[in-house]
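Asker: Now for the letters of each chain:
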Amino acid sequence: SQTIHQWPATLVQPVGSPLSLECTVEGTSNPNLYWYRQAAGRGLQLLFYSVGIGQISSEVPQNLSASRPQDRQFILSSKKLLLSDSGFYLCAWSAFTGNNQPQHFGDGTRLSIL
Amino acid sequence: AQSVAQPEDQVNVAEGNPLTVKCTYSVSGNPYLFWYVQYPNRGLQFLLKYITGDNLVKGSYGFEAEFNKSQTSFHLKKPSALVSDSALYFCAVRDMDSSYKLIFGSGTRLLVRP
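Sequences listed follow chains A and B, in order. Note that my numbering has the first sequence beginning at 1, numbered continuously upward. Note that my numbering has the second sequence beginning at 1001, numbered continuously upward.
No lab work stands behind these hints: they were computed from the structure.
Listed next, with one range per pair, are the computed distances between beta-carbon atoms:
| no. | chain 1 | residue 1 | chain 2 | residue 2 | range |
| --- | --- | --- | --- | --- | --- |
| 1 | B | S1106 | A | S84 | 13 to 23 Å |
| 2 | A | S58 | B | G1062 | 35 to 45 Å |
| 3 | A | T10 | B | R1113 | 27 to 37 Å |
| 4 | B | D1054 | A | L82 | 41 to 51 Å |
| 5 | A | V15 | B | N1041 | 22 to 32 Å |
Not everything, but these chain B residues come out facing chain A in the computed CB check (under 8 Å):
| no. | residue |
| --- | --- |
| 6 | Y1032 |
| 7 | R1042 |
| 8 | G1043 |
| 9 | L1044 |
| 10 | F1046 |
| 11 | K1049 |
| 12 | I1051 |
| 13 | R1094 |
| 14 | S1099 |
| 15 | Y1100 |
| 16 | K1101 |
| 17 | L1102 |
| 18 | F1104 |
| 19 | S1106 |
| 20 | G1107 |
To spell it out: a stretch of chain A is covered by chain B in this simulated footprint if at least three of its residues, at any positions, have a beta carbon under 8 Å from a beta carbon of chain B; those stretches are:
| no. | region |
| --- | --- |
| 21 | 42-55 |
| 22 | 100-114 |
Every residue, glycine too, gets a C-beta built ideally from N, C-alpha and C.
Model the full assembly from the supplied sequences, consistent with the hints where possible.
Answerer: Written out as structure tokens, the structure is:
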């Protein structure tokens, strides 16, 4: 069966520090991958998605970036964090076979910026 | 513009009573619809989907949803609520402009009283 892993689960970082969040998927090949941010336990904001290695689509211009160095690895990065980057970051994957497939989510990283 | 609306921020129901969480959508063409549940500090879990066929879709944990094309609705239901059903529920629809993406509603918090 397929599994998705995100780490770390929680992170506290000072303003201006760099960020690297990692997400990996097991048990499937060529998944579509997604990064979301959830503020205040409510709505989801799609940040990036990827349909293949090295292919990244950005949804919202900001000081975050994403990379997909391997088929099942998705990384969210920042060179200098802002206070507004605080939130709950969720990684998700969906099968590449057809657009009727659900997305499956990891358990998230709660990021606090001090 | 495509959109998903969850008109209720919170739904309160007594344990053992039926529950309904409402969702309406606006897309061009035939919609692909999804329901997710989120427990505190966890990622979203896929409950069920409607793609085509029978308007009543059954999913995980005893939940079901009814697709109504004329009312553009996809309400989530359960005949008998459990306290453990208390969580945040999200409705989503496939983005017709980009089949890789989902458009999520703002979420409805379900509180089941013992």
